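Asks: Chains as they are written, first to last, in the numbering used here: chain A, 1 to 185; chain B, 186 to 751.
Keep in mind that the hints were calculated from the coordinates and are not lab data.
Remember, it's a predicted structure, so these values are computed and weren't measured experimentally.
Some clues are possibly wrong.
[Said to hold, decoys possible] Derived lysine-lysine pairs resembling DSS-like cross-links, with alpha carbons at most 30 Å apart:
#1 K386(B) <-> K176(A)
#2 K386(B) <-> K48(A)
#3 K498(B) <-> K111(A)
#4 K595(B) <-> K243(B)
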Amino acid sequence: MKQNILPAIRLTLVCIVIFIIAYPALIWLIAQAAPAHGEGQTVVVNGKKIGYLLEGQSFTNDHYFNGRPSAAGYNAAASSGSNKGPSNPEYLQQVQDRIDSFLVHNPTVKKELIPSDLVTASGSGLDPDISLQGAMVQVDRIAKTRNINKEKLISLIEMNIEKSSLNNIQKINVLKVNIALDQLK
Amino acid sequence: MNSEILGVVTMFLATIALAIPLGKYIGKVYNGDKTWADGFLNPLDHLFFKLSGINPLKEMDWKQHLIALLTVNAVWFLFSIFVLMNMGWLPLNPDANAGMSADLAFNTTISFISNTNLQHYSGESGVSYLGQMVLMLFQFISAAAGMAVCAVVFIAMKEKTTDQLGNFYNYFVKSCTRVLLPLSIVVAIVLVFNGTPMTFKGKDQFISLQADTVNVSRGPAAAMIAIKQLGTNGGGFFGVNSAHPLENPNYFTNIIENISILIIPIAMVFALGFIIKRKRFAWMVFGVMTIGFLLLLLPTIYNELNGNPAITKMNIAQPLGSMEGKEVRFGSAASAYWAITTTSTSNGSVNAMHDSLTPLSGMFALLGMMVNAFYGGVGVGFLNFYIFIIIAVFISGLMVGRTPEFLGKKIEAKEMKIAAIIALLHPLLILSGTALSSWLYAHNPTAYAGWLANPGNHGFSEILYEFTSSAANNGSGFEGLGDNTPFWNISCGIVMLLSRYLPIIGPLAIAGSLAKKKYIPESAGTLKTDTTTFGIMVFAVIFIIAALSFFPALSLGPIAEFFTIK
Chain A
1 MKQNILPAIR LTLVCIVIFI IAYPALIWLI AQAAPAHGEG QTVVVNGKKI GYLLEGQSFT
61 NDHYFNGRPS AAGYNAAASS GSNKGPSNPE YLQQVQDRID SFLVHNPTVK KELIPSDLVT
121 ASGSGLDPDI SLQGAMVQVD RIAKTRNINK EKLISLIEMN IEKSSLNNIQ KINVLKVNIA
181 LDQLK
Chain B
186 MNSEILGVVT MFLATIALAI PLGKYIGKVY NGDKTWADGF LNPLDHLFFK LSGINPLKEM
246 DWKQHLIALL TVNAVWFLFS IFVLMNMGWL PLNPDANAGM SADLAFNTTI SFISNTNLQH
306 YSGESGVSYL GQMVLMLFQF ISAAAGMAVC AVVFIAMKEK TTDQLGNFYN YFVKSCTRVL
366 LPLSIVVAIV LVFNGTPMTF KGKDQFISLQ ADTVNVSRGP AAAMIAIKQL GTNGGGFFGV
426 NSAHPLENPN YFTNIIENIS ILIIPIAMVF ALGFIIKRKR FAWMVFGVMT IGFLLLLLPT
486 IYNELNGNPA ITKMNIAQPL GSMEGKEVRF GSAASAYWAI TTTSTSNGSV NAMHDSLTPL
546 SGMFALLGMM VNAFYGGVGV GFLNFYIFII IAVFISGLMV GRTPEFLGKK IEAKEMKIAA
606 IIALLHPLLI LSGTALSSWL YAHNPTAYAG WLANPGNHGF SEILYEFTSS AANNGSGFEG
666 LGDNTPFWNI SCGIVMLLSR YLPIIGPLAI AGSLAKKKYI PESAGTLKTD TTTFGIMVFA
726 VIFIIAALSF FPALSLGPIA EFFTIK
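Chain A with its partners taken away, still in its complex shape (with noise of 0.2 Å):
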C-alpha cells in the first residue's frame, strides 16, 4: 500500500495538468475558430440580440408561430424536462387542457390534425423547433390575427423547413420564422 500512495499522488497532478488545463486549453484554442468563437451563436436583428440560434424560446403570442410546451419555461439557465411519466392522470388532464386550449386558439384546426408535439414538454424544455405540421395547423390563427393571406404564409414555412439528410422529420426552427413572420409585409 506504501509504495502506492506517492505515485497515485503525483499521477493524479500530473492527470490534474494534462486534463483539467492542457485538454481544455487546447479545445478552447479551436474554438476561436468555432462559430462564434465558441461562446454560443446568438442572432441579432436590427442591431439587438434577440436570442440564442440553437435554443427556443417562449412563443404564446396569438400572433407567432408558438413553439412546444417547456417545463422550464424556456428559462435558459435551469433547461428540465417534464418527467411526467406517461400513465400519470394529473399529467393526461394537462395534455388535455393544451388540446382544448389549442383549440380555442385555433378554431378552424381539425383535433385530428394537431400534432403531439406542440401539446408535450419537450426534453430539455429549450427545443427550438416544431415539427412542419405543427407549423402548418397555425397558419389559419397567424393569418388572422396579422391579416396576412394564407398562401403567403405557407410559402414563408416551407422556406423555413430544415431537415437533416438522414433522419427525413421535416422541422421549423421557431425563431428563424417568428423573425421572418415579422419581416413579412
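We have chain A; now place chain B onto it with these hints.
Replies: Structure of chain B alone, referenced to chain A:
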C-alpha cells in the same frame, strides 16, 4: 423503410465499422506492440511516468494491480470531496454557484470516480466551472481505470502460466493517452464547430422577441461532452444532458455522440480477440452481446414510434411518436436508440427524458442496466460478461460431465464461488434498495411526498430505476425522483461504491487465479467456448440471472403500467 429507422441502422453499422479497427489498435496498445501513434505519444507517456515516479515495466500480480487501483481511487475521492464542497470560493465560478452539501458531495464524488455519473445536482446551478472540470478529469481517469483492469484480465487470459500481468499504471496511462484523449479531441472539435460552447464566460442575457428577459447558461461544455460519451460516463454539462440544444445541437452531433457511446465498449471485445489471438471467441462474445442489445432495442423503437396509447385516445396525431420528453430534431427512433445504447453500456447520458418513455421502453432501458453486459461500460462491461462466461462454462461442464475448462484453465470451486457472489450482488443491491425505499414511502407517504413525481406503478419504477442505475454504474435516471436528499445521496452512494469495486475485484481475482494455473492444451474432450452452442449457453445464463431475478419487480412497475394505459 421509415427514414427515422434508416438513421438508426446507419448509426449502428457505422459504430461497428469503426469499432473493429479501433479494437485492433487497442489490442496493440495493451500488448505493447508498435502503433502509428508512438512517434508523438511516447514522449507524453514518458512525461506521465517520469513525473509520477513510476516504472511502467515493473510487472504486477493481480493483487498488486488491485492495490494500485484502490490507492489511486482513494486519492481521487479526497481530492473530489474537497473541490466539490469548496468550489463556492475557489476560482472559475463566474455564475457564483455554491459548494455542495456533504451528502451531495459524497454522492457526486463516488458517482464520478466510479464512472457512474449519477447527478443529484443540475449542471447549470449546482457546480462551478472548476467543479465541472474536476468532474471531467474523473470522466477520463475513471474510464481509464476500468479499461486498465480489463486489460489485466485480457492479459491473464493468454495461454501461459504466470502471475505477472503487466503494470497497472502502464495500462492506465496508455488508456488515457492512446485511446480516450485523442478520440475526445476529435469529438470535441466536431461539437464546437456545430455550436456547442467552449467558453469560460459566465451566463449571458438577452431580451426575446416576446420581450422576456432570458438568462443563458454557457461554459466549457464541448470538452466535457466528448469524454462523457467516450468514457461511458454520461454526466452532462447541463441539467438535461444531451437533450440540451447546446450539448447536442443537431442530428449530426447526435450521431457522433451516439457512436461515441458505443464505440469503445464494442472495440474492447475485438481488442480481446486480438490480445488472446482468438478471433472466433471475440466474435462469439460480440454476437451474444449484439443479439441481447437488439432484443432490447427493437421493441423500444417500435413502442416510441407508436406513441403513448393514452394520448392516442385523445384523438390527436402522433406522427413523430411519443414526444413527451423528446426533442423534435432527434425524433422518437433516434431517442429510443440512444435510450438503449446508454443503458446497456453504463453510459447514462440521455437525449430524451427516460421518465417519460412509454412503459415497456422504460422496462427495456431498465433491463439494459440489469444485464449491464450487452457491451457494458468501457472495460467493466466485459468484466461483467466474464462472470457470466465463467458460470456458463461451469454449468456446461456439469451438463456434459467434463471438467469445466476455460481457455485451457480449470475452473474450480474458488473461481465459481467468486463468480456466483458477483453475479448475485447486482440483483441483491438493486432489489434490497428498492424494497427499503418502497417500504419507507409506503409507511409514510406524506413525509416522503417529495420523492416521487408520478403516482402508482410509475412511481415505483422511479425508485427501481434509481437503484438499478446506481448499481449498474449507469447514471441516467427517471429524473422526476426528488433525489437530492440525504437518504438518496447516501444510499445511492453506497450502492454505487459496492457495485463499482466488487465487480472489478471479483473478475480480477478469478483471472489472476486462472492465470497461475497450469495450461491444459485443447483436446477432443475440451469444451469449445467459441461456438454458437456456447454462445446460447451464455445467453441463457444472462437471461436467468439478470432478467428473471428482476421479473417480479418489473411486473410491479413498467409491466403493470403498460396494462393500465394499453
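Asks: Tell me if the straight-line CA distance from K386(B) to K48(A) falls inside 30 Å.
Replies: Since the Cα atoms of K386(B) and K48(A) sit roughly 20 Å apart, the hinted pair holds (cutoff 30 Å).
Asks: Is K386(B) within 30 Å of K176(A), Cα to Cα?
Replies: 26 Å, holds
Asks: Going straight from one Cα to the other, do K595(B) and K243(B) come out at no more than 30 Å?
Replies: Within the cut-off at roughly 28 Å; holds.
Asks: Take the C-alpha atoms of K498(B) and K111(A), compute the straight-line distance between them, and say whether it is at most 30 Å.
Replies: 12 Å, holds
Of the numbered hints listed earlier, not one is contradicted by the structure.
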